[in-house]
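Colleague: Protein chains in written order, with the numbering used here: chain A, 1 to 448; chain B, 1 to 133.
None of these hints come from the bench; they were simulated from the model.
A virtual CB, placed ideally from N, CA and C, is assigned to each residue, including glycine.
Some clues are possibly wrong.
Cross-link-like lysine-lysine pairs, in silico, BS3-like; alpha carbons within 30 Å at most [to be verified]: (1) 261/A with 42/B; (2) 155/A with 112/B; (3) 80/A with 58/B; (4) 120/B with 262/A; (5) 393/A with 112/B; (6) 58/B with 261/A; (7) 155/A with 258/A.
Taking beta-carbon pairs under 10 Å as the criterion, some of the chain A residues facing chain B (in silico) [unchecked claim]: (8) 44; (9) 73; (10) 77; (11) 147; (12) 149; (13) 153; (14) 155; (15) 156; (16) 242; (17) 303.
The primary structure of each chain is shown beneath.
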Amino acid sequence: MSHSLNRRSMRRTHRVYLWLAVAALLLFASTSVQATPAYARQTGNACADCHAGAYGPALTPYGMRFKLNGYTDTDGNGFKIPVAVQLIGTHSVPARGQNTTQLTEADIYVAGRISDNIGGYVKIETDNDGQDHFSTKLSNVDLRFVAKDLKLGSKEATFGVSVNNSPGFEDAVSDLPDSTLLGPPGVTGTLLNPSSPDALANRVVGATAYGLYDSDWYGEIGSYTSLPQSTQSNLGYALSGDPGRLSDTGFFRFAYMKDLKKQFFSAGIVALTAKRQLPRSGPADDLTDLGYDVTYQYIGNRENIVQASFVDILEQRRYGSLPPSPFPGITAQTHGAVHDRTFTLTYTFLQTYGLTFSHLVSTGTRDIVRYQPYGVPDTTSNLLTLYWAPFGKDDSFTTIANLKLAATWFHFSRFNGSSTNIFGVGPGLPVTNAHDLNAFSLTASLAF
Amino acid sequence: MTKLLWVPFLRCVAAVGLYLGAASMSPFALAGDASAGSDVFKTECSECHSVKEGRNKKGPSLFGIVGRNAGTAPNYKYSDALLQAKWVWTTDKLHSYLSQPAKQANPGTKMKYDGLTDSKQLDDLISYLGTIH
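Here chain B stands alone, though its shape is the one from the complex:
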């Protein structure tokens, strides 16, 4: 009998926990599938960016990119445009930046990217980037 009472109680706790957790996360991070985002990264980003810490290619390492201040990857020579951009790479900022041509998002940037218009792929990609730290 006691056991039977505990089951609905635990279910309620779990439901509330899930709700609170979801409310505290970025909606973009929640929407994306990080596993699918890994494939998007390989297709869209991996030629110019590595996810290894300290490994810069034509573009800077994306290790720990979510939450990082713009223009601060070690040993990478940024454009003046990005050095002067005083933003933080939040999931919202990444979503906005990557959904349009890089030259439009940050005029003067070295980055050559036409933007990712598929919102599902963009969400997946940002979710994946959120796991790289």
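Only chain A is shown next, with the shape it has when bound in the complex:
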């Protein structure tokens, strides 16, 4: 019995380090760029035209239109090499563990237009594993065919097809978790959340057809399938994060967007349904994500910009199997739900100085067998980022490259259903509290 307890506590200790790694990844994701200077060179635009903070990630309405137009807009002045580079160095101060200062990420973007109708975004990411060993993987991909400037009745319309590897990354409003690369971390999570364990992000491939009518009404429908494990491995991904085998997958998105020049707001719904076998040889779970999102931006004359978004996704689950129960007479639930909510507020001054606050909550229905030891997977965390991005504006030293210095605090107030002893270890064993997962980082990002 004591041997078994020790083994369980060892496993939980390993999980602590796993979640420290997840927290670190979220820190990097929150400061990483999603646009590339290649687009700035292609269009003649400054970075700040598409991103309020001149380094991303949140898009301005103009940035949304650029994305909807399949990354094909141009200044018409010849061919531009569609390549950009990003380097990120991080000084990381975790609440538990050693401080590190490292080159944490080096990325190559192949991003731009091929023709008036075809464009794309591909990110090839090289990450430091913390021991100065670097591994390269194919990160986000979004390849588009678009038909622009069409007339539907008396109104303008745009239609397109996106081939991508993360449901939600291609979204026009770009507030869904796979677009912001920010969703609630936790011991479980929705399919649409890239911070969920065994997330779909970058390990699936799919196509969606989308349309924009009268500049305001956006609709999208598509389907995805998971990449074979061998392909995931070839693309640089460890098999431990395999999202499993997906079938009968459907994606749907609808949003109303209103650009009032000085202000912007949107309201939308999103749905993703799939049968998932995890492990691949096992029975399938029926999963249905249904969510809504609202956003608001005050843009004004670009000197003071406020951007707010709220994304609320509920996943209904019908489990294909019941895990073995350690509790006599108690079995796991056959149905369950997981609920992910993300609220983000960003203030940007002079398109240069910014403050972003995110509140991330993940909750789930009670299931003492699946979510040990407390029976609920609930996790609450907050992210606060203060940054300075001096370039990438019309009047700055350079409009087509940028630097971002950011200080980020990542704070957990609850994890795995508890704020204290989150892995429920027995007396005499080292206890991990939720705030032991906290981390602070200083990040320098350079894109050119």
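Put chain B on the given structure of chain A with help from the hints.
Modeller: Quick look at chain B alone, frame taken from chain A:
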């Protein structure tokens, strides 16, 4: 005493000067507030146009736009519609062009703009553009 006589005379000269100056300027340029027009530019135009010389975005640079012949910004690939438009961007022409949808003002143009219907903002904007040279 001499000083006292000079004051009303100078006032008359100043008044006449102001009148003559106003008569020689475009009424739109006179009506607008260039400082407020800078903000209008940022809101309405800056995503597609730069005011820096030689800096083209999706639209051409607006450096020196007032008084420029249409379709002549260097290194910008204009639509045939604007190349064939043989007009000069006077303040009057800008006022007329920008107060309506671009596709209506110049059918065939690449420019996507619904027009600025707020006459005060339009006057401010054109005044601001007049200072960019």
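Colleague: Which numbered hints turn out to be false for this structure?
Modeller: Checked against the structure, the hints that fail are numbers 11, 13, 14, 16, while the rest are satisfied.
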